[in-house]
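Novice: What follows is each chain in one-letter form.
2 protein chains.
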Amino acid sequence: MQTVTSRDNTAVKNACRLRDDARARAAAGLFFAEGPKLCLELARGCRLRALFATEAALDRTPALAAFAGATTLVAPHVAEKLAGTASTQQVFALFETPGTDPALLQTAARVLALEGVQDPGNVGTLLRSAAAFGFELAVLGPGCAAPFAPRTLRASMGAAGRLPVLCVEDLPAVLAALKGRGVLCLAAALYGAQPLHTVTAGRGGVCLVIGSEGQGLSRPVLDACAAAVRIPMTDRVESLNAGAAGSVLLWHFRAAALRDGEEADG
Amino acid sequence: MQTVTSRDNTAVKNACRLRDDARARAAAGLFFAEGPKLCLELARGCRLRALFATEAALDRTPALAAFAGATTLVAPHVAEKLAGTASTQQVFALFETPGTDPALLQTAARVLALEGVQDPGNVGTLLRSAAAFGFELAVLGPGCAAPFAPRTLRASMGAAGRLPVLCVEDLPAVLAALKGRGVLCLAAALYGAQPLHTVTAGRGGVCLVIGSEGQGLSRPVLDACAAAVRIPMTDRVESLNAGAAGSVLLWHFRAAALRDGEEADG
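Line order of the protein sequences matches chains H and L. Each residue of the first sequence is one higher than the one before, counting from 24 in my numbering. Each residue of the second sequence is one higher than the one before, counting from 24 in my numbering.
Since the hints were derived computationally from the structure, they do not count as laboratory data. On a predicted model such as this, the values are computed, not experimentally measured, just so you know. For every residue, glycine included, the Cβ atom is placed at its ideal position computed from N, Cα and C. One should not assume that every hint holds.
Sample of chain L residues lacking proximity to chain H, with all beta carbon distances greater than 12 Å (derived) [stated by the list, open to error]: (1) 44; (2) 172; (3) 246; (4) 269.
The calculated label-pair distances, taken between Cβ atoms and stated as ranges, are [claimed, not checked]: (5) 26(H) to 108(L): 36 to 42 Å; (6) 126(H) to 122(L): 57 to 63 Å; (7) 243(L) to 213(H): 36 to 42 Å; (8) 261(H) to 122(L): 21 to 27 Å; (9) 72(L) to 109(H): 37 to 43 Å.
From just these sequences and the hints, can you work out the full model?
Specialist: Structure (structure tokens):
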């Protein structure tokens, strides 16, 4: 196999554009990921289109041999360009962005909805926890970090590849539709809301709606929710880390389902 | 008030050393914090020794006037030096590191213990959630990020100033002592452990023991625990974000205490 030694190689430049440019990702239907662990994890749920790696990196991670047919060997200085930094694990991949069937909105019993969660680390953590806790669908409203942007992928550790994600413009309309088929839409709030440990999901399913750390939820989204829920905290802190708070909320409904025997452990 | 315009000012250089050097912090019994929100939050629980701010920053945050007696005005380029970067909120403070009475080990009913949690963001998130969920003491064993290092402080949003923290060398000995007075020491694990939703704390109190993301807990620490607990996840993810997982574990015991009426909400 030939090794790409030019930083101006067309495939390398194309991969860098997909890494940096959300529009290019959308147009190509592809996304970019870095790191052997993340790439292997994503390959379980997404279709790999191309892999770039140094010879040393392939030697370190024999499992990558499964993608030999799609692999391009690159020199270490080309890997640095793909990483955008000098510290790199020297493995990169392009995957096809998985499509999510909007019909899931008609059937999913546990849904996570986000509005204005800008921080990619928080979006990634929430997608990861939602997948871990048996949520079937994530709906990302306006202002959220892109699920397949590099930093979101890193924080989600590839969960975005196995939890269906819908990006929508009109979140209140989506919530209204969920409400229409009996799903309890719950807004995460800090004050004036029902304490989490007293909340039950009901039989129609639940949609947990989380807003930005600073702003909270917009009025139209709040109005579309049936109730609000808060995590009862001591007065020793003002707030929780957004990823931690959201994970606690998501866990509550997982724990309830496990206790009720509605789903199996593990 | 005179404005410090020299980056070589002795007080400024001293503050930078405390920011960067854990040994200097320990020797002086002081720690360094940046940002108006974090400094105000810390001032609720820790004694402020010195505040550095630009005139513009003081104008933006009138509440800082409460510390006028300890305030040094600095020019914007001096604020850059204190921040270590060009983007800064231009407010910095030195606080006295709060001491924690080891006698708390004899009385605390809910304890968080960490071993080898190196990431300051994770340590900060866990301290913040522990404070929020009514834990009374955090015990940091070897290999943990320092609770008053700048990045830990940022992630904890000052919780380290209001949750007593003990740094110990011999964590198994501490766990043995807790066990001796009837505290249930629970090791957080991924496999082969009791699922969280079936765990009850018992009357003697609980100590939740969390290890590093990569390595888990050491054998001596595991042996000192009475049992292990895991968060039951679907097979869609390999693991959770460490801060999120720890927060879910901490919340479980808060929720149980709230349900049992052992403590008040809020």
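Novice: All the hints need checking, so say for each whether the structure fits it.
Specialist: Hint by hint, here is what the structure shows:
no.: 1; hint: 44; result: 24 Å, holds
no.: 2; hint: 172; result: 17 Å, holds
no.: 3; hint: 246; result: 25 Å, holds
no.: 4; hint: 269; result: 8 Å, violated
no.: 5; hint: 26(H) to 108(L): 36 to 42 Å; result: 38 Å, holds
no.: 6; hint: 126(H) to 122(L): 57 to 63 Å; result: 60 Å, holds
no.: 7; hint: 243(L) to 213(H): 36 to 42 Å; result: 41 Å, holds
no.: 8; hint: 261(H) to 122(L): 21 to 27 Å; result: 24 Å, holds
no.: 9; hint: 72(L) to 109(H): 37 to 43 Å; result: 39 Å, holds
Hint 4 from the earlier list is the only one contradicted by this structure; the remaining hints agree with it.
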